[in-house]
Amino acid sequence: MATEPRDHEHAHDHDHGDAHPHGSELTEQQARVRALETVLTEKGYIDPAALDRIVEAFETRIGPHIGARIVAKAWADPQFRKRLLEDATAAINADGTLGRVSDHLIAVENTPRRRNMIVCTLCSCYPWEVLGLPPVWYKSAAYRSRSVIDPRGVLKDFGVALAAETEVRIWDSTAETRFIVIPMRPAGTDGWDEEQLAELVTRDSMVGTGEALRPNEVRR
Amino acid sequence: MNGVHDMGGMHGFGPVTPEKNEPVFHASWEGRVFAMQRATGLLGYWNIDMGRAAVEKLPPHVYLGVTYYEKWQRGLEARLLSFGLVGADELEAGHALHPAKPVKRTLAAAEVDGALQRGSYTRPEQAPARFKPGAQVHTRNINPTSHTRLPRYARDRVGMIEAIRGCHVFPDSVVLGKGEDPQWLYTVVFDGKELWGEQAAPGLKVSIEAFEPYLEPA
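Residue numbers (my numbering), protein chains in the order written: chain A, 1 to 220; chain B, 1001 to 1218.
These aren't lab readings, by the way, just hints derived from the structure by calculation.
No experiment lies behind these values; they were computed from the predicted model shown.
Here a beta-carbon is modelled for each residue, glycine too, at the ideal position from N, C-alpha and C.
One should not assume that every hint holds.
From chain A, some residues computed to sit far from chain B (all C-beta separations above 10 Å) [to be verified]:
| hint | residue |
| --- | --- |
| 1 | Phe58 |
| 2 | Glu167 |
| 3 | Met184 |
| 4 | Thr209 |
Here are the computed lysine-lysine pairs in the PhoX-like style, where the Cα-Cα straight-line distance is at most 25 Å [said to hold, decoys possible]:
| hint | chain 1 | residue 1 | chain 2 | residue 2 |
| --- | --- | --- | --- | --- |
| 5 | A | Lys139 | B | Lys1205 |
| 6 | B | Lys1178 | B | Lys1104 |
| 7 | B | Lys1193 | B | Lys1132 |
| 8 | B | Lys1020 | A | Lys156 |
| 9 | A | Lys156 | B | Lys1132 |
| 10 | B | Lys1178 | B | Lys1101 |
| 11 | B | Lys1020 | A | Lys139 |
| 12 | A | Lys82 | B | Lys1132 |
| 13 | B | Lys1057 | B | Lys1178 |
| 14 | A | Lys156 | A | Lys139 |
| 15 | B | Lys1020 | A | Lys82 |
| 16 | A | Lys139 | B | Lys1057 |
| 17 | B | Lys1132 | B | Lys1020 |
| 18 | B | Lys1193 | B | Lys1205 |
| 19 | A | Lys156 | B | Lys1193 |
Next up, chain A with everything else stripped away, as it sits in the complex (with noise of 0.2 Å):
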């Protein structure tokens, strides 16, 4: 671990400092931000209460919860799920109960002989309106870098495995067009309303890592 960059370090059960060997480092970090933060405010270029109301927005609304009613809806809606495989953004945005999204969304979909996965080799794009801010294991070098070359050594990181026969199509996040992965309706799942679906949907099932859960996963 110790070659590893520090992004993985946020992958053990302790919090942020303890990233870092020192105590004292932290409170370094720590008064800088809020060094930056005064001056930005003295000089009149943000205003505090703009940043709180920013962070709760993410800590709080927007995260896969909203993806998820988007597949549940995939899932349940043939007509929808075509709208949306054509044109994601317009599809939801037409929809009026799935919230609003920019341009520039675009759905992908599993099938039993294709798994897509999503990744941004040169930085951290993630489809942050429908999943909220990306994991760190999102933004690390090693997801960043293997996933373009080695998919199924990063899907088993994660305890998936595919058939050897499974196309496995990486999308590489280049431009400001954001992907969402819409899993595989997992089975016995018949005449369950969108609520109920929207339970199975993880957000790594929405990113190409995970799969959506089974019925007797979800804590009914």
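Once you have looked at the hints, place chain B on chain A.
Just chain B, lined up with the frame of chain A:
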């Protein structure tokens, strides 16, 4: 630029290690950095491409050695300094020491919800699209020292136009101060063997989102 940020296909970074029940931010300062990045984007001095370029220019050992939001903070400080919006002495002192420069917009708390939606990057077309879906294209072997969105692993390769995504702001021009210079954007898909040779994983296909200037007919 051919920097360490361009990671596709590199070896040696170890396994991917997902964290169970991961919080959105791992420390409160991360949220502040994230929010400052969003809010200062409205000051009118840079766009998202210039933001990315600033992070890519961090020295390689810094880029690889610090956490994600530390990169953002350092990239943000670099932009603020380069546009003269803050002085190094102010960051050192932790207080404003000089008058502010004029800005386009300061984001107020009440405006946040409306400002969180991403803008559109589509622009009016400057010329008809050069390629049609299904066309074979060759990615150019370019090595600019400035920001580009054509990853190294996908240069000088033959792929297929899968879709046309409209005419978009062209990052490579923006960072050079040449304006938005809208260009057609395509999804170009490559066979794994074209990218990685005979040892490529069977059944692998990789696509990039490629601006028209990156492409020529195959």
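The hints, checked one at a time:
no., hint, verdict
1, Phe58, "violated, 6 Å"
2, Glu167, "violated, 4 Å"
3, Met184, "holds, 17 Å"
4, Thr209, "violated, 8 Å"
5, A:Lys139 - B:Lys1205, "holds, 21 Å"
6, B:Lys1178 - B:Lys1104, "holds, 20 Å"
7, B:Lys1193 - B:Lys1132, "holds, 23 Å"
8, B:Lys1020 - A:Lys156, "holds, 16 Å"
9, A:Lys156 - B:Lys1132, "violated, 37 Å"
10, B:Lys1178 - B:Lys1101, "holds, 23 Å"
11, B:Lys1020 - A:Lys139, "holds, 16 Å"
12, A:Lys82 - B:Lys1132, "holds, 23 Å"
13, B:Lys1057 - B:Lys1178, "holds, 19 Å"
14, A:Lys156 - A:Lys139, "holds, 18 Å"
15, B:Lys1020 - A:Lys82, "violated, 34 Å"
16, A:Lys139 - B:Lys1057, "holds, 17 Å"
17, B:Lys1132 - B:Lys1020, "violated, 44 Å"
18, B:Lys1193 - B:Lys1205, "holds, 9 Å"
19, A:Lys156 - B:Lys1193, "holds, 21 Å"
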